[in-house]
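Colleague: Sequence:
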Amino acid sequence: MKIKIKEIIAPHFWNTFNSKKTNQIYKGGRSSTKSSMISIKIVYNSLSNNNCSTVILRKHQNQLRKSVYKEIKRACKRLGLEEGIDYQAKLSPMEIKFNNGNTIYFAGGDDYETVKGMIDEKTLIKMVWFEELTGWDNPEDVEQIKATFIRGNDDWFITFYSYNPPKNKFDWVNKWTEEKQTNKSYIVQQSDYRTVPKRWLGKIAIEEAEELKKNDEKRYKWIYLGEVIGLEGLIYNPDIIEYVDEKYIEENKIKITNIDIAIDSGHQTSATAVGCYGLGNDGYWYLLDTYYYSPHEKTIKKAPSELSKDIFEFEIEMIKKYKTTIEKETIDSAEGALRNQYFKDYGRRLHPVDKGKDKEKLIEYSQDFLAKRKFRVINNNNNQIFKKENENYMWVKDSVEKGKPTPDKTEKAFLSSEKYYNTYTKDYAYSYGDHTQDNFQYWIKDNLQKLGLKY
Numbered sequence: 001m002k003i004k005i006k007e008i009i010a011p012h013f014w015n016t017f018n019s020k021k022t023n024q025i026y027k028g029g030r031s032s033t034k035s036s037m038i039s040i041k042i043v044y045n046s047l048s049n050n051n052c053s054t055v056i057l058r059k060h061q062n063q064l065r066k067s068v069y070k071e072i073k074r075a076c077k078r079l080g081l082e083e084g085i086d087y088q089a090k091l092s093p094m095e096i097k098f099n100n101g102n103t104i105y106f107a108g109g110d111d112y113e114t115v116k117g118m119i120d121e122k123t124l125i126k127m128v129w130f131e132e133l134t135g136w137d138n139p140e141d142v143e144q145i146k147a148t149f150i151r152g153n154d155d156w157f158i159t160f161y162s163y164n165p166p167k168n169k170f171d172w173v174n175k176w177t178e179e180k181q182t183n184k185s186y187i188v189q190q191s192d193y194r195t196v197p198k199r200w201l202g203k204i205a206i207e208e209a210e211e212l213k214k215n216d217e218k219r220y221k222w223i224y225l226g227e228v229i230g231l232e233g234l235i236y237n238p239d240i241i242e243y244v245d246e247k248y249i250e251e252n253k254i255k256i257t258n259i260d261i262a263i264d265s266g267h268q269t270s271a272t273a274v275g276c277y278g279l280g281n282d283g284y285w286y287l288l289d290t291y292y293y294s295p296h297e298k299t300i301k302k303a304p305s306e307l308s309k310d311i312f313e314f315e316i317e318m319i320k321k322y323k324t325t326i327e328k329e330t331i332d333s334a335e336g337a338l339r340n341q342y343f344k345d346y347g348r349r350l351h352p353v354d355k356g357k358d359k360e361k362l363i364e365y366s367q368d369f370l371a372k373r374k375f376r377v378i379n380n381n382n383n384q385i386f387k388k389e390n391e392n393y394m395w396v397k398d399s400v401e402k403g404k405p406t407p408d409k410t411e412k413a414f415l416s417s418e419k420y421y422n423t424y425t426k427d428y429a430y431s432y433g434d435h436t437q438d439n440f441q442y443w444i445k446d447n448l449q450k451l452g453l454k455y
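Position one of the sequence shown corresponds to residue 1 (our numbering), numbered consecutively onward.
Read the hints as simulated data drawn from the structure, not as lab findings.
Please note: incorrect hints may appear among the correct ones.
[Claimed, not checked] Derived lysine-lysine pairs resembling DSS-like cross-links, with alpha carbons at most 30 angstroms apart:
| hint | residue 1 | residue 2 |
| --- | --- | --- |
| 1 | K361 | K320 |
| 2 | K146 | K97 |
| 3 | K214 | K184 |
| 4 | K321 | K302 |
| 5 | K175 | K361 |
| 6 | K253 | K344 |
| 7 | K169 | K357 |
| 8 | K66 | K255 |
| 9 | K221 | K175 |
| 10 | K344 | K320 |
| 11 | K404 | K213 |
| 12 | K302 | K388 |
| 13 | K328 | K301 |
| 14 | K184 | K198 |
| 15 | K450 | K320 |
| 16 | K359 | K372 |
| 17 | K70 | K328 |
| 18 | K213 | K66 |
| 19 | K302 | K419 |
| 20 | K213 | K175 |
| 21 | K387 | K361 |
| 22 | K97 | K169 |
| 23 | K221 | K70 |
| 24 | K402 | K146 |
| 25 | K97 | K77 |
| 26 | K218 | K402 |
| 27 | K214 | K180 |
| 28 | K355 | K218 |
| 29 | K409 | K359 |
| 30 | K388 | K450 |
| 31 | K214 | K203 |
| 32 | K218 | K203 |
| 33 | K169 | K59 |
| 34 | K388 | K361 |
| 35 | K6 | K198 |
| 36 | K302 | K221 |
Could you put the whole structure together from the sequences, leaning on the hints where they help?
Modeller: Printed below as a string of structure tokens:
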């Protein structure tokens, strides 16, 4: 069976597929099929050339099997090859070997020395692929690995770099690519889903893209078109959060089918904010109510035992009001005192969410969720603190420019004309920060699949 390359790669790659330029940067949006094209090009060259092996890398070794290893096997199939007949695939060590002796090796940035040691000295590495370039810490690490494998080549050698551009224009990847645009040894190609045959993508994927375009065009340009949209000072776009009157649920006969609780606890220095999130039978998620206790400027502060009692009573109130059950109670994994106290008092284990070390990723999850336009906030008195903190949730000045966007966590005083009183604590708060935004992010991270976010 004769396979025509033009029939298995998207049209925007036709002009560069046969290029053997030393450095080839492919950036673009989701579903642009750049990874598929590179995989096909690697397999094609492996079959067409003698002494032509490849090393494929991602930042971490545990990311390989479900991404590039799977992608290469898919490329083999598209080129009409059969596993066990035309090539052999192994997982330990992870490699794919063709009948002509050419091999594709897979390595993580944390493991490439091991792979280097496995390669026979007589084997030429003709191609190196850095997939998800944004996962790497800096260009120096990438160049060092590339230099290891380029040795011994006289005729041609290709390094592929592929990634979805970070939205932060100051990210090292964006700045590095911009510098390479005028370098004659580099191809820099940007692609997106719009030139990919519709039958390849499927109706649902296209509808997802168009829905995001309608709901949040800026994020659509970043995610699907691969445009660097920049980061302003404000973290969220408050305009895409819908606030509805307190009587909205009753008047529209909406049934809350289940509720979740999410806790950001502070104890001595910062506020404890508890959000009650409920799913309506209209398909929308609602911030139903908020418990908010701030110890700021208070001489006597609530102990974990008092907060435990408050939170339990808040949950009971929500269960009674909405006549449903609590599905999940989420809390920051770093918070041990309140978790232990709550279990001691009520025999209930709060679920510690693994928030990870990357705060920007947590924020990205919540931005993706908001972009679905399936979230509403009951515009009651208690939820005004969510509105206030959301509309003032900012990046620390200059942190974006330095390439490490960091949310501003400083406590800010309410204006003298403002007063926030929480009916559950029966107390005033005199300052605000990012506490409701934190519990919002914890809730989303702990319920990605349920909220339709798959990562």
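Colleague: Evaluate each hint against the coordinates.
Modeller: These are the hints, each one checked on the structure:
no. : hint          : in the structure
1   : K361 <-> K320 : violated, 35 angstroms
2   : K146 <-> K97  : holds, 21 angstroms
3   : K214 <-> K184 : violated, 39 angstroms
4   : K321 <-> K302 : holds, 26 angstroms
5   : K175 <-> K361 : holds, 20 angstroms
6   : K253 <-> K344 : violated, 38 angstroms
7   : K169 <-> K357 : holds, 21 angstroms
8   : K66 <-> K255  : violated, 40 angstroms
9   : K221 <-> K175 : holds, 19 angstroms
10  : K344 <-> K320 : holds, 23 angstroms
11  : K404 <-> K213 : holds, 27 angstroms
12  : K302 <-> K388 : holds, 23 angstroms
13  : K328 <-> K301 : holds, 28 angstroms
14  : K184 <-> K198 : violated, 34 angstroms
15  : K450 <-> K320 : holds, 24 angstroms
16  : K359 <-> K372 : holds, 21 angstroms
17  : K70 <-> K328  : violated, 34 angstroms
18  : K213 <-> K66  : holds, 29 angstroms
19  : K302 <-> K419 : holds, 21 angstroms
20  : K213 <-> K175 : holds, 26 angstroms
21  : K387 <-> K361 : holds, 22 angstroms
22  : K97 <-> K169  : violated, 40 angstroms
23  : K221 <-> K70  : holds, 28 angstroms
24  : K402 <-> K146 : holds, 26 angstroms
25  : K97 <-> K77   : holds, 14 angstroms
26  : K218 <-> K402 : holds, 22 angstroms
27  : K214 <-> K180 : violated, 34 angstroms
28  : K355 <-> K218 : holds, 26 angstroms
29  : K409 <-> K359 : holds, 12 angstroms
30  : K388 <-> K450 : holds, 27 angstroms
31  : K214 <-> K203 : holds, 16 angstroms
32  : K218 <-> K203 : holds, 22 angstroms
33  : K169 <-> K59  : holds, 21 angstroms
34  : K388 <-> K361 : holds, 23 angstroms
35  : K6 <-> K198   : holds, 15 angstroms
36  : K302 <-> K221 : violated, 46 angstroms
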